[in-house]
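Trainee: Throw the hints in and build the complete structure from the sequences for me.
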Amino acid sequence: MARHVLDRVDSTNAEAFRLAPSLSGPAWIMARRQEAGRGRRGRAWTDPPGNFAATLVMRPAGGPADAARLSFVAALAVHDALHRLCGPQLNLALKWPNDVLLNGGKLSGILLESAGAGGQVAVLAIGIGVNLAAAPDPGQVEAGALRPVSLAGETGLEVTPDDLLDAVAAEFAAWHRQMTAYGFGPIRNAWLARAAKLGETITARTGTAEITGRFEGIDDSGALILIGPKGRQAIPAADIHFNGG
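Numbering (the working numbering), first residue to last: 271 to 515.
Among these hints, one or two may not hold up.
Only pairs whose alpha carbons sit at most 20 Å apart, straight line, appear in this in silico EDC-like list of lysine to aspartate or glutamate [what the hints assert, rightly or not]:
#1 LYS500 to ASP489
#2 LYS376 to ASP509
#3 LYS376 to ASP350
It should be emphasised that the hints constitute simulated quantities derived from the structure, not laboratory data.
Keep in mind that this is a model prediction, so the values were computed, not measured.
Mentor: So, in structure tokens, the structure goes:
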């Protein structure tokens with residue numbers, strides 16, 4: 271698979287859309303320095319030197335729902351790549367919908383952006399940021415968000431962006447092959463086996479409501495399943511907050 275490694279870029283996702291018309295197949299784009307990274311809901315994503323900022327750009331089969339499930343493939347890839355590089359003792363977990371946690375803090379975020387028409391996704395950009403060397407100042411994150419952490423700060427371990435790209439690309443390819451062959455079921459089961467707070471009480475905040483309930487899992491679309499005051503609810507999009515943070 272093609273790789274483009276840039277010294278400096280505004281956003282690897284933005285670069286993915288700029289490059290997409292000239293690409294003959296999927297490609298990874300990694301930047302040594304990302305100056306205008308972004309997270310979910312338009313939030314800024316800070317990338318000091320030594321951190322990982324990369325995007326996989328592809329033309330996925332199927333529609334928007336199929337594309338959305340690839341966020342779980344990406345989360346599994348980051349989780350398993352870090353275990354491959356650092357060992358199984360690393361205290362990692364996955365937070366719905368698309369964060370990777372280390373020691374309970376936010377280590378990595380994943381952002382999917384797409385372009386297309388007629389109910390089809392023509393181009394999908396899967397952006398991945400990992401705090402390898404440094405984490406943002408806690409004062410820069412919104413109230414109630416998990417504390418940001420870095421791999422080096424929490425463990426003293428040093429992983430280069432290049433080594434992480436090698437591992438993430440290999441893990442993503444393996445999980446993507448599994449989903450292509452067997453559907454979303456194995457991906458969902460693998461994700462749930464790594465999920466933070468499964469079976470515990472969490473709060474989902476959407477644009478219009480706040481729902482607290484027991485985290486029961488995810489459904490075939492990847493929606494969060496909560497058992498709350500109104501019974502079983504499937505929540506397709508929300509910010510998740512854990513008790514105490």
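Trainee: Has the given pair, LYS376 with ASP350, been kept, meaning a C-alpha gap of at most 20 Å?
Mentor: Roughly 16 Å between the alpha carbons, so the hint for LYS376 and ASP350 holds.
Trainee: Does the alpha-carbon distance linking LYS376 and ASP509 stay inside the 20 Å limit?
Mentor: 13 Å, holds
Trainee: Between the alpha carbons of LYS500 and ASP489, is the straight-line distance 20 Å or under?
Mentor: Holds. LYS500 to ASP489 sits at ~18 Å (cutoff 20 Å).
Violated hints are absent here; each numbered hint is respected by the structure.
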